[in-house]
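Q: One line per chain: the protein sequences are A and B, in this order.
Numbering follows the working numbering, with no gaps: position 16 of the first sequence is 19.
Numbering follows the working numbering, with no gaps: position 77 of the second sequence is 96.
Keep in mind that the hints were calculated from the coordinates and are not lab data.
Do not rely on the hints blindly, as some may be mistaken.
Claimed, not checked - Result set (DSBU-like, lysine-lysine): computed pairs, CA atoms no more than 30 Å apart in a straight line:
1. A:Lys44 / A:Lys17
2. B:Lys61 / A:Lys44
3. B:Lys86 / A:Lys69
4. A:Lys67 / B:Lys116
5. B:Lys128 / B:Lys116
6. A:Lys69 / A:Lys44
As the list claims (entries may be wrong) - Label-pair distances were calculated between CB atoms; the ranges are:
7. A:Lys69 / B:Pro100: 25 to 31 Å
8. A:Lys17 / B:Asp97: 47 to 53 Å
9. A:Gln32 / B:Gly28: 36 to 42 Å
10. A:Ser76 / B:Ala36: 43 to 49 Å
Note that beta-carbon positions come from the ideal geometry of N, C-alpha and C, so glycine has one too.
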Amino acid sequence: GAVVSQHPSRVICKSGTSVKIECRSLDFQATTMFWYRQFPKQSLMLMATSNEGSKATYEQGVEKDKFLINHASLTLSTLTVTSAHPEDSSFYICSATRDPMAETQYFGPGTRLLLL
Amino acid sequence: QKEVEQNSGPLSVPEGAIASLNCTYSDRGSQSFFWYRQYSGKSPELIMFIYSNGDKEDGRFTAQLNKASQYVSLLIRDSQPSDSATYLCAVTHQGGKLIFGQGTELSVKP
């Protein structure tokens with residue numbers, strides 16, 4: 004299999020809070036993980052590419068100081084939304100590839116973030 | 020021009036019919052093409068991938084790729100109400116990144 008988990012599945016918090024989302028590959032080692040954001044009725048937009056042991060590569064327009072990504076091990080990447088505000092409310096989804104040459108991405112179940 | 024384009028739909032087909040979903044892409048250098056299914060409120064799940072021109076069949080699903088026309092499609096035979104979802108076409112870009120289309124909403128009516 005290729006199972007990816009995310010935690011938490013849903014977060015509701017006050018504006019200004021920092022929120023950490025975990026993405027884990029459960030039955031394989033993921034050298035590369037990806038973080039996406041999806042607004043209602045829109046497609047997935049890639050935020051950043053995360054490689055184990057190195058700095059994440061952010062897409063144009065994504066603030067790296069606001070969306071902190073850490074890929075500390077081959078099975079875990081974290082996304083921290085710092086000082087989150089209502090406009091950051093979205094569905095955050097991670098994915099992982101099984102080996103460095105693979106292109107198929109396996110998606111986690113997503114984290115729905117709601118800022119009040 | 021968007022890099023990956025899909026008709027947003029909704030596409031409505033009766034149960035048992037063939038659903039045809041289409042996707043065009045702009046980058047001629049793209050090598051790999053994916054179809055994902057996304058149910059409302061859920062994350063995408065991989066249905067099929069295709070690398071070579073022609074057809075690739077997997078059960079009720081057939082992916083078709085025409086690189087000369089920069090066109091990829093997904094056919095769903097014997098459509099079931101449980102196939103009702105948004106279908107996302109994705110194309111690999113430089114560095115192995117996936118670029119997604121906006122998705123086509125499919126509704127299969129019993």
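Q: A separate judgement is required for each hint: does it hold in the structure or not?
A: For each hint, the structure was consulted:
1. A:Lys44 / A:Lys17: holds (24 Å)
2. B:Lys61 / A:Lys44: OK: lysine 61 (chain B) and lysine 44 (chain A) at ~13 Å, within 30 Å.
3. B:Lys86 / A:Lys69: Violated, at about 39 Å.
4. A:Lys67 / B:Lys116: At roughly 18 Å apart (the allowed maximum being 30 Å), lysine 116 (chain B) and lysine 67 (chain A) satisfy the hint.
5. B:Lys128 / B:Lys116: violated (35 Å)
6. A:Lys69 / A:Lys44: holds (24 Å)
7. A:Lys69 / B:Pro100: 25 to 31 Å: At roughly 41 Å between Cβ atoms, proline 100 (chain B) and lysine 69 (chain A) fall outside 25 to 31 Å, so the hint is violated.
8. A:Lys17 / B:Asp97: 47 to 53 Å: Because 49 Å falls inside the window, the suggested range holds.
9. A:Gln32 / B:Gly28: 36 to 42 Å: holds (38 Å)
10. A:Ser76 / B:Ala36: 43 to 49 Å: holds (47 Å)
Consistency note: the structure conflicts with the earlier hints numbered 3, 5 and 7.
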